[in-house]
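Going down the list, the protein sequences come from chains E and W. So in this note's numbering, spot 111 of the first sequence is number 111, and the numbers just go up one at a time. So this note's numbering is basically just the index in the second sequence, starting at one, shifted up by 115.
What the hints contain is simulated information worked out from the structure, not anything from laboratory work. Each hint should be verified, as a subset may be incorrect.
Claimed, not checked - Examples of chain W residues toward chain E, derived with CB under 10 Å:
id : residue
1  : Ile214
2  : Gly218
3  : Arg220
As the list claims (entries may be wrong) - If you want a taste of the chain W side facing chain E, the calculated C-beta under 7 Å gives, among others:
id : residue
4  : Ala144
5  : Tyr147
6  : Pro149
7  : Arg166
None of these values were measured; they are calculated from a predicted model. Note that the Cβ used here is the ideal one computed from N, Cα and C, for glycine as well.
The residues making up each chain are set out below.
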Amino acid sequence: EAGVAQSPRYKIIEKRQSVAFWCNPISGHATLYWYQQILGQGPKLLIQFQNNGVVDDSQLPKDRFSAERLKGVDSTLKIQPAKLEDSAVYLCASSYRQGLGSPLHFGNGTRLTVT
Amino acid sequence: GENVEQHPSTLSVQEGDSAVIKCTYSDSASNYFPWYKQELGKGPQLIIDIRSNVGEKKDQRIAVTLNKTAKHFSLHITETQPEDSAVYFCAAEGTYKYIFGTGTRLKVLA
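When you get a sec, could you build the whole thing from the sequences and use the hints?
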């Protein structure tokens, strides 16, 4: 099966600019996650979707970050305006279902550098 | 809030030796514990997992043990090889939510 696809792989922007990331999960996976991974740390959940509904966005900085999964398949994550501390790898993951030990499958991420 | 502590943060072993990484979780509702390996420039990849009704699971050179009473679980890699060098993350799944450890950078010295 094809894995989780993410684009772009790298992005460099200046602070206060906007940026968008795209993710296409594994076919048939109902649950989609966006994680932020700062260098040297573990992944931190930003938002979790079940089909096209938001399950958890408690750690999403909603004043600058937004995400959508309109048709319950692919998803976009947007940052506007970006800050220096947003420099990180943004990982998308999907799982067949929510909970009950359904493993996460990660994409290779988008490395964002904010200058 | 829920958290997962992971130790050590770095680990260097000689090729052929064993490596052990330990994690402790806080959420009593956690019932699924995966381990991920992350190589440079790639996303984390699942290498082994264990569920709360099992105490130990083995897959070739990799094994995971779980002590639910103590809320501890560990990854054991035997006969380490240079290609085992990577960052390893443990995770605990609670109520529809994964919490990740902070990672262990494993270096296997040839």
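Each hint tested on the structure:
1. Ile214: holds, 8 Å
2. Gly218: Because about 5 Å separates Gly218/W from the closest Cβ in chain E, which is inside the 10 Å limit, the hint holds.
3. Arg220: This interface hint holds because 9 Å falls under the 10 Å limit.
4. Ala144: violated, 10 Å
5. Tyr147: Interface hint status for Tyr147/W: holds (4 Å vs cutoff 7 Å).
6. Pro149: With a minimum Cβ separation of about 6 Å from chain E (threshold 7 Å), the hint on Pro149/W holds.
7. Arg166: Since chain E brings a Cβ to about 6 Å from Arg166/W, closer than 7 Å, the hint holds.
Checked against the numbered hints above, the structure violates only hint 4.
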